[in-house]
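Trainee: Let the sequences and hints guide you as you build the complete structure.
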Amino acid sequence: MPIFSIVTVCRNNLSGLKRTHASVVQQTGQDYEWIVVDGASTDGTVEWLDSAVSLPEFAYISETDEGLYDAMNKGSEMAQGDYIIYMNSGDEFASDSILADTTWHLDNWAGSSSDVVYGDSIEEDALHQKLSKRSLSHKRVWYSMFAHHQAIFYRRDKLPAPAYNTEFSVAADWALTAKLYVEGANFRRLPFAVCVFERGGLSQSYDKGIVARIRRERLQVYDQVFQYSRLRTGLILLIKEAAEQLRERLPGLYDRLRFRRSKGARPI
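The working numbering puts the sequence shown at residues 807 to 1074.
Think of the hints as simulated: they come from the structure by calculation, not from any bench. Since this is a predicted model, take the numbers as computed values, not measurements. Virtual Cβ for every residue (Gly too), placed ideally from N, Cα, C. It is possible that part of the hints are untrue.
Unchecked claim - Ranges of calculated distance between the beta carbons of each label pair, as one might list FRET restraints:
| hint | residue 1 | residue 2 | range |
| --- | --- | --- | --- |
| 1 | R1055 | P862 | 27 to 35 Å |
| 2 | Y1034 | Q832 | 40 to 48 Å |
| 3 | T848 | A1048 | 36 to 44 Å |
| 4 | L1059 | Y1034 | 27 to 35 Å |
Said to hold, decoys possible - No farther apart than 27 Å at their CA atoms in a straight line, the calculated lysine-lysine pairs in the DSS-like style are these:
| hint | residue 1 | residue 2 |
| --- | --- | --- |
| 5 | K964 | K945 |
| 6 | K824 | K936 |
| 7 | K985 | K964 |
Mentor: Okay, here's the thing in structure tokens:
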């Protein structure tokens, strides 16, 4: 069985899927499988997968699904690797040696097993400027996702079945990671950026409907996973929403506080 399963979910984003594919095949570490879960695309994705992808360890399905997390669950069920990383269409690895470097750390870390392994990220804005975002400590999972989902490797045998709770539409990745933390999983931090992805996902939206949905799902995570009191949850949400107001009203200042300009694939 391979060390890594790279699960890519897509729908009608062939150009993004090609970028992810190029990043995958350039990896110097070859002990991986690539699994694509396509949501019945109509843009030529299936034809391209049939004709252009020739990886030795590759599988895909193309069918309708019930949303992003349902598709990711399908990919998780297909995976055979020791670790799963979810790199969706358009996401890329931060360098050609990410899998090789991660393998080295897995082999050389002392002590107990590594259940959740995470690193930094590089966000690319609309002007193609790259911003290095350093991951926070996993001990801050009570506050938010401490690293981008695309920068996290999950040990497959530690994942529940299904991996993602499809009651959530935007926070299932946080709910999963928080659940593993609460249950005592062993977290390890990589000293480099793992992924590059475009800014502007749902979690960064200012749309009032999406913001309200995010808030509802945060309340669910605090109640169902952390089992916090309403008072504690309310105080945390006040802090989070103040930070988000800063990001919305003073994005330049927020970026200076949270990011560093990236001159290459890896942040200093």
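Trainee: Hint numbers the structure violates, sorted upward?
Mentor: Structure breaks hint 1 only.
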